[in-house]
Amino acid sequence: DQQVKQNSPSLSVQEGRISILNCDYTNSMFDYFLWYKKYPAEGPTFLISISSIKDKNEDGRFTVFLNKSAKHLSLHIVPSQPGDSAVYFCAASAFSSNTGKLIFGQGTTLQVKP
Amino acid sequence: DAGVTQSPTHLIKTRGQHVTLRCSPISGHKSVSWYQQVLGQGPQFIFQYYEKEERGRGNFPDRFSARQFPNYSSELNVNALLLGDSALYLCASSRATDTQYFGPGTRLTVL
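Residue numbers (the working numbering), protein chains in the order written: chain W, 1 to 114; chain Y, 1001 to 1111.
These aren't lab readings, by the way, just hints derived from the structure by calculation. Keep in mind the model is a prediction, meaning the values are calculated, not measured. Since no wrong hints were added, every one of them can be taken at face value.
Here are the simulated SDA-like cross-link-like pairs (lysine to any residue), alpha carbons at most 20 Å apart as the crow flies:
no. : chain 1 : residue 1 : chain 2 : residue 2
1   : Y       : K1052     : Y       : R1095
2   : W       : K37       : Y       : L1088
3   : W       : K37       : Y       : Q1006
So the derived list for chain Y, only partly shown, Cβ under 10 Å to chain W, looks like this:
no. : residue
4   : Q1006
5   : S1031
6   : P1043
7   : F1045
8   : Y1050
9   : R1057
10  : A1096
11  : T1097
Here chain Y is said to cover these stretches of chain W; the calculated rule only asks that three of the stretch's residues, wherever they fall, bring their Cβ under 8 Å from a Cβ of chain Y:
no. : region
12  : 35-48
13  : 102-113
Every residue gets a Cβ at the ideal spot worked out from N, C-alpha and C, and that includes glycine.
Just chain Y, same shape as in the assembly:
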């Protein structure tokens, strides 16, 4: 079975630009969560979506938004990029609020 997939794997943007990251969950999983991981720290929770509705939101500014589509895939959008947004962005899927399985991540570099 295919695991969680994310695209793109790497991305370079400049300050002020907008970025869209994509995630496809494991087949049968209806929940997608997004995390940000900066070097030397554990992943930080950004959003969780379940059945296309936002279930949880972490302590991130409104520049961060997400949505989930009818096929349960998801997009994370970040507007007005800052240097501090450079990080590994991880997507995780689960059936509901149980064990989350992570994708390989998207490495975002903001110059």
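Isolated chain W (complex conformation):
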């Protein structure tokens, strides 16, 4: 049972354009969502998070949008840079469970072309 899904295995965009990465979830108990970036042979790097009480959070070039009714979140990267090329994972947790357990999607490989 895949509770967090990233349906696009890969995405290719031109440098300077917007990258939009999508994530869907099924568990209504999830109330905290995160995006991580991962380069080969490294651990995931935290990018940005959002609580379920918000519908948008921005940090520099990165913006996360949360649509609770659709159980959907997206990460926007504007403008995209070649250094953004990596695998992006969305993750979700149920804060109230107090376990800190993160459920990850399968990842989306982003390629930003110069």
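Got chain W; can you put chain Y on it based on the hints?
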């Protein structure tokens, strides 16, 4: 500030052997979580420890165990290794149940 550190970086074992992986959290973080990542998938939750007590356990067999020490570092132990245990093992630390920061991982290969 030092990030999460893990040792060793790479490990090769044979089936049936035992392995111990180590993790040191970010200074000030009292929680450590362990994840397993196989190729092409996202990390899968194994354990979380907070203040030396197990707070959460994922869907892994009893061959997997962990503990947290008074200095908040942690060990993950896997007994009776199987070929399917070959994966990247990730440790993450957090202050409590908030944002988790990951280490570089330990690549385990079981032959």
